[in-house]
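Student: Based on these hints, arrange chain B on the given structure of chain A.
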Amino acid sequence: MSAQTLARPVPARSWRVVAESYGQELVILGALVVLFVGVGLYNPRFLSATSLTSIFVGNAYIAIAAIGMSMVIISGNIDVSVGSLIGVLGTIAGTLAVNGAPVVVCWLLPILIGVAINALVGVLVAYARIPSIVVTLGMLSILKGGLISATGGAWISSLPPEFMIAQFRLFGLPSSVYFMVILTVAAALWMRHSAFGRTIYAIGGNPEAARVTGIRIERSVVAVFAIHGMFAGIAAILFATQLQVIQSTVPPNLELTVITASVVGGVSILGGTGTVIGSTLAAILFAAIGSSLVFLNVSAYWLRAVQGLMILATVLADMARRRRA
Amino acid sequence: MTELIALSGISKSFGPVKVLKDVGFDVRPGEVHALLGENGAGKSTLIKIMAGVISPDGGEMKVNGRPVRFASPREAAAHGIATVYQELLLFPELTVAENIYLGHAPKTRLGTLDWPAMRAGARALLDSLDSPDLDVDVLVGKLSVANRQRVEIAKALSQDAKLVIMDEPTAALADADAKRLMSVVKMLRDRGVGIVYVSHRLPEIFALADRVTVLRDGAHVGTRAISEVDEAHLVSMMVGRAIDHLFPKVDVPRGDVVLEVRNLAYRDVVQDISFTLHAGEILGIAGLVGAGRTELALTIFGVTPATSGEILLDGKPVAIKSPGEARGLGIAYIPEDRGLQGLIRPQTVRENVSLAVIDRIAKALVVDRGRESALAKEAIARFGIRTRGPEQRVRQLSGGNQQKVVLAKWVAAEPRVLIMDEPTRGIDVGAKAEIHALMSRLAGQGLAVLMISSELPEVLGMSDRVLVMRGGRIVRAFERDAATPDAVGSAMTAAKSGRSLESAGASAG
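So the protein sequences, as listed, match chains A and B. In this text, residue positions in the first sequence follow the working numbering: the first is -6, and each later residue adds one. In this text, residue positions in the second sequence follow the working numbering: the first is 13, and each later residue adds one.
Treat the hints as calculated values from the structure; they're not laboratory data. The C-beta atom is built at its ideal place from N, Cα and C for all residues, glycine as well. Check the hints yourself; a few may be wrong.
Claimed, not checked - The calculated label-pair distances, taken between Cβ atoms and stated as ranges, are:
#1 B:P128 to A:R122: 40 to 48 angstroms
#2 B:K154 to A:P245: 43 to 51 angstroms
#3 A:L25 to B:K30: 52 to 60 angstroms
#4 B:Q457 to A:R122: 37 to 45 angstroms
#5 B:V80 to A:A298: 41 to 49 angstroms
#6 A:L249 to B:L106: 34 to 42 angstroms
#7 A:P124 to B:V330: 31 to 39 angstroms
#8 B:T319 to A:G139: 37 to 45 angstroms
As the list claims (entries may be wrong) - To be clear about the criterion: a stretch of chain A counts as covered by chain B if any three or more of its residues have a C-beta under 8 angstroms from a C-beta of chain B, and this derived list gives those stretches:
#9 200 to 206
#10 301 to 308
Chain B extracted, bound-state conformation:
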């Protein structure tokens, strides 16, 4: 059988940095070929070469057995290659149908857009993706991430793609949406489409992939049939070493109640929330995207101050009306989106780490540079931040290391309550384990940790207790022993509470 696409000896450098060294990769029709590797391993570069975004310095690429050289993504598309990027490249102000047919819309004989054909075509494509619920006339900007992804896939199919490249398609999805996406992928595969599937979520890869290729530091480590490998094997291929504990949860004696929340509400997004959080405890909050978890965190942290209810610290009621007040009370919030809310990307590691305590390390208005540098160096050592030094700009760091900088910034503020929102989203396996280890260590030092996560294994692996949110409320609470995947998973999804997926997704932003 001829491969849909076959790459051999591919190499690529950016300046002095070799990002790909002699890499081979191929995809057969009707196959899901997973591409694995830590961040910075060269996956994105390889994808971009196949998609025609960048051209390789050396090596050969064949499509259906014929050598090709793509000068642009358009040429790749003409060869039947479509890419669904992590950051979805859709136009929010255009409708679903317009987005699907953008650039290759059906025309009437007069040369104008053939709207009926476009809408009917879009309808048929979405139906074939088992998405009859998606309206072709709605603006894409109003859709949830999951639905936008379906539009993106429909767009790929509308160009008659034979090979679909998916870059971390489930990274931003909650488990239920991820499952639905996976069934779409299977459907495409059964139709003979070849799929390159990039994901950090190993269970997905075992559920979907036929073969898996692992890259490390730009080099091809190996390609295996999925039946030949297990999870530990893949992880050690990726990181070049074995990771003993994926979730290094340490049992810490539960201390006093630090944070208590009573009947907390923010508008109708967060309702009637009550819980206690103890020193040394990791309290996990599970739920689907749009369940109100991030909104709860933002309410406690004062970004969207509570409209009713009480927050108590050490048993004393406090009013938190701004993030500044929350910080002053010893609460830290590590946001869901590092780039958007966590980091000042043009600034250095030193300047980012000191930002939350900049007032405190200033004497007579002047920042104590010595203390600041010491703080940064200590953070680099303590959190294992891989950087050239305190003066490196954070935008040059990898995702995992950026997350460590955000963590270091807040730990420098010596908080007593640490709220972590999706602490390991989009981070590779090695860095993930490090973040989990740090989390355990911080809890061991008596910090009270509130962890929001859409990854069930993470919630179950790291939490002492698990709260499940749905529709802005806490619907179930589990002790660690009772928190099984089935129990928590069904509490997350059970009995749709009247809110459609659409509105849930839209409010998640």
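Okay, chain A solo, but in the shape it has when bound:
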């Protein structure tokens, strides 16, 4: 057997390797193409510039939050509080803006707060060794409860126009699209080519082995959560500035949508595998599905059901792949 294996060397970059590493990403890309072509044929208005722009603008923040979420899940953890965090940070940004703080402060301070809050979560997970689902469930309640108590659910309106970064346009495209693409590509390169990214994959793949190899797991976990906090902060700014008002509540089910994007994008819920490109593609796919339901005259409430089906299908496909390997 060994002789045969040696006798037929396979080029390092064979299709098999690409399919193995990017299987889920390719599947989603295919699904996106099928969706756009199919729905476009049924109703060409689906492919109009307005329709496409609204798909991206309204959902870029989900894709950006999913980048950080994917990193957290790849490291073998999870964060169920990201929706509440985005709600809180968005409200902070809006409050600062209506009270006349400089826009740069309005944008950066919430991001720093996001980093700080999630670094704390990371410390509790890594050093106090509390499972991340427990820490973030606690954080979810604290943030959600705190937000509603503090604001009473009041809407923030008359936001200054220079604060509305999500509505800025460059070459006709809204800024959220640039943010989404640039952050996804940067994060993907970072995860794949930096020593830190490798460490994250290693920790998620086998924490015990990573530790015995001399990797400082604790620090890396804190760093992953902090970075996730940064992405949540950026997502919150885009979320807060996409409409003329901020609802100062937690967007319903946002954490589930973000986690779903990561998992459907090919990030194994067990940690150690997946890419942020997959999660961004999955976030776009959800947005496109949601939007296509309108063009197909189907109730938008089906979107959640479709998302649920996709999670199950993804996990089944993942298990089938594992069994083959």
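Tutor: Same frame as chain A, but now just chain B:
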């Protein structure tokens, strides 16, 4: 005499891979039939077919002369076939008696569990296995590996098994426990039970088996009476070539002292350990499971930092509080359990090999992909790792090749002290010889090697000096010439030091 089980022309494929080709195998009552082969030869598949876990693509299987087809392990059990798997399939949170009778517990007339009958039955079964020391009410999770195995065997007997399949039953056992297991196997055989015995340990096979069947690459190489073959013969049947030296120890001039340990202790698990380790030396540490050998390694490597004592590198005292610091000082640790502590299984060979030096081959935070690939390719060539290439995932490699990846990872870190914990556990004979050759070569290049092994032939064959540990302490030290099997073996077992087998086993985990 009718065979208990007779297979002929069995074939099985997984996708395009033919794992069994036209294999025949049979077991008679009161016989131990050893099944031998390198990893990947098809032994596990054959076992699973007999146990009803998978069904063959072709061929015939007869039990007591009647053709059978098992749709499930339950059907196989109904035909009197029981399997003791390598990874024991017991429930840690249930008691010994509950585990033995799980799925076929005696019931009272009311349909409730008949506890007195269950406990009495379990007691009788364990007594018949010469294990009166095992409490039927203790939770299985608290038992040592050796005792869990006895529970597993009792479970097989409770189902009135006529054929017991044992998959590497001694792989995780120290020599004394292995001997005890072998006497249990003999006892079963004398009662007329047929036994399929899979093991990599050839001496055991010569001590136990009546016949031996060798598989290679899914094909049946031959079935022989044990009296017709010798060790060299079996090895060449397994690997298809003769292996000249099972333990290719090369004499290397002893260099300077690299590592010195003085009165090292970790809690009460490792106590008062002092030794020196020279460049170019292989220092073997022998002992039973639970003697504190792995714990000593983990203390030196900083996983469980020492609670007292001193570690000196090149004569300078160092404080090692984490594996990261140990790595920085040039110490490498190849753990006992590859799957658990050695490898990132979903990642590629390339990513695993570079993991210990990932910071060093990164420039401005970005991993130098060219250097990394070169490192992986060099490791594949140098260590003879059988893989499709650097991009293959390590979970797809065989045990021996996975171990080579772990070795390559640490050698890439250019350590000066290499600690190897059970370097060849669960690895087939061919790969074992390769690992031993690599070990010799590394020592020849001036590496100081500390080798922990439960296999006495390995310790004696590879070590320049042997330390024997018992109860967390070093009890004897031997130079190579004085390290005879009898002397080392008796130092390992002599005078029970108050710790029962139970607690020793439990702390081994």
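Student: With reference to the structure, classify each hint as holding or not holding.
Tutor: Going through the hints against the structure:
Distance hint check: the CB atoms of B:P128 and A:R122 are about 43 angstroms apart, consistent with the given range 40 to 48 angstroms. Look at B:K154 against A:P245: about 47 angstroms separates their beta carbons, and that is inside 43 to 51 angstroms. Between A:L25 and B:K30 the beta carbon distance is about 39 angstroms. The supplied range of 52 to 60 angstroms is therefore violated. For the hinted restraint 37 to 45 angstroms between B:Q457 and A:R122, the CB-CB distance of approximately 40 angstroms keeps it satisfied.
Checking the proposed 41 to 49 angstroms range against B:V80 and A:A298 shows it holds: the Cβ atoms sit about 46 angstroms from each other. Distance hint check for A:L249 and B:L106: the Cβ-Cβ separation is about 36 angstroms, which falls inside the suggested range of 34 to 42 angstroms. In this structure, A:P124 and B:V330 meet the distance hint of 31 to 39 angstroms, their C-beta atoms being roughly 35 angstroms apart. Between B:T319 and A:G139 the Cβ separation comes to about 44 angstroms, which falls inside the hinted range of 37 to 45 angstroms.
Requiring three or more residues with a Cβ within less than 8 angstroms of a Cβ of chain B, the coverage given for the stretch 200 to 206 of chain A holds, as 6 such residues are present. With 0 residues having a Cβ less than 8 angstroms from any Cβ of chain B, the stretch 301 to 308 of chain A misses the three-residue criterion, and the hint is violated.
Hint compliance for this structure: hints 3, 10 are broken, all remaining hints hold.
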